[in-house]
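Q: Here is what each chain is made of, one letter per residue.
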Amino acid sequence: QVQLKESGPVLVQASETLSLTCTVSGFSLTNYGVIWVRQPPGKGLEWMGIIWRNGNTDYNSALKSRLSINRDTSKSQVFLKMNSLQTDDTAIYYCTRVRINYGSYYFDYWGQGVMVTVSS
Amino acid sequence: DIVLTQSPALAVSLGQRATISCRASQSVSTSSYNLMHWYQQKPGEQPKLLIYDASNLASGIPVRFSGSGSGTDFTLTINPVQADDIATYYCQQSRELPPTFGSGTKLEIK
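From first to last, the protein sequence lines stand for chains A and B. If you read the first sequence in my numbering, its first letter stands for residue 1, the second for the next number, and so on. If you read the second sequence in my numbering, its first letter stands for residue 121, the second for the next number, and so on.
Be aware that one or more of the hints could be misleading.
Some but not every residue of chain B turned toward chain A, in silico, with C-beta under 8 Å [said to hold, decoys possible]:
hint : residue
1    : Thr150
2    : Tyr153
3    : Lys168
4    : Asp173
5    : Ala203
6    : Leu217
7    : Ser223
Within a straight-line C-alpha distance of at most 20 Å, the following computed PhoX-like cross-link-like pairs (lysine-lysine) qualify [claimed, not checked]:
hint : chain 1 : residue 1 : chain 2 : residue 2
8    : B       : Lys168    : A       : Lys43
9    : A       : Lys43     : B       : Lys226
10   : B       : Lys162    : A       : Lys43
11   : B       : Lys230    : B       : Lys162
12   : B       : Lys226    : A       : Lys5
13   : A       : Lys5      : B       : Lys168
14   : A       : Lys5      : A       : Lys75
In silico negatives: residues of chain B with every beta carbon more than 12 Å from chain A [as the list claims (entries may be wrong)]:
hint : residue
15   : Leu130
16   : Leu134
17   : Gly135
18   : Gln136
19   : Thr139
20   : Val183
21   : Arg184
22   : Pro200
23   : Gln202
24   : Thr220
25   : Leu227
26   : Ile229
Just so you know, these hints were derived from the structure itself, not from any lab. Nothing here was measured: the structure is a model prediction, and the numbers come from that model. Glycine residues also receive a C-beta, built at the ideal position from the N, C-alpha and C atoms.
Make a model of the complete structure from these sequences and hints.
A: Here you go:
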């Protein structure tokens, strides 16, 4: 069945770089895109960036200068790297599958998320 | 960016109808599709897709959930509301990048 699982450090120092991995199963990254979404404690959902099934990427303009997303299709993994972390980057980080349906796309399967705390 | 506006909270009685609204700052519909989707997030859990393209029920979602709307105004309806429906509900548009989310509506029981 379709599964996504985020992994990475739960505590990062301010000004350092966050590296997260999303390992997927039950589908191929060449057929589906993956999006990263984060959620600060008690707050709403924020789109971070997307890697489409063709490998192209799009980023949230507010994070673009600090963020990169890439993938290893042979390992079914998507990677997020974000530098210059600040305390307001503390959040749950989710990866989610992008389902493209003709002229539409939406997020049909979500990982359980990883809580990342940025310490000053 | 397209801004999606939701009311922060809604209180309903068990067994009654809940209507959650989402208003977009510009149209999220094309000639063929209404590009608005709904997600449910229970406390401590990841979001789950409920409705896609405004009115299509995602796989495994009970039929008491339904969606409607076009252009800038969309509605998620839960009828009848059950205790298990306590959650925050988010709308999300895919008409334009970035794919923005609403701020969420927390469903509470009276």
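Q: Does each hint fit the structure? Answer for all of them.
A: Against the structure, the hints:
| no. | hint | result |
| --- | --- | --- |
| 1 | Thr150 | holds, 6 Å |
| 2 | Tyr153 | holds, 5 Å |
| 3 | Lys168 | holds, 7 Å |
| 4 | Asp173 | holds, 5 Å |
| 5 | Ala203 | violated, 23 Å |
| 6 | Leu217 | holds, 6 Å |
| 7 | Ser223 | holds, 5 Å |
| 8 | B:Lys168 to A:Lys43 | holds, 17 Å |
| 9 | A:Lys43 to B:Lys226 | holds, 11 Å |
| 10 | B:Lys162 to A:Lys43 | holds, 13 Å |
| 11 | B:Lys230 to B:Lys162 | holds, 18 Å |
| 12 | B:Lys226 to A:Lys5 | violated, 26 Å |
| 13 | A:Lys5 to B:Lys168 | holds, 15 Å |
| 14 | A:Lys5 to A:Lys75 | holds, 13 Å |
| 15 | Leu130 | holds, 16 Å |
| 16 | Leu134 | holds, 26 Å |
| 17 | Gly135 | holds, 29 Å |
| 18 | Gln136 | holds, 26 Å |
| 19 | Thr139 | holds, 20 Å |
| 20 | Val183 | holds, 18 Å |
| 21 | Arg184 | holds, 20 Å |
| 22 | Pro200 | holds, 26 Å |
| 23 | Gln202 | holds, 22 Å |
| 24 | Thr220 | violated, 7 Å |
| 25 | Leu227 | holds, 15 Å |
| 26 | Ile229 | holds, 20 Å |
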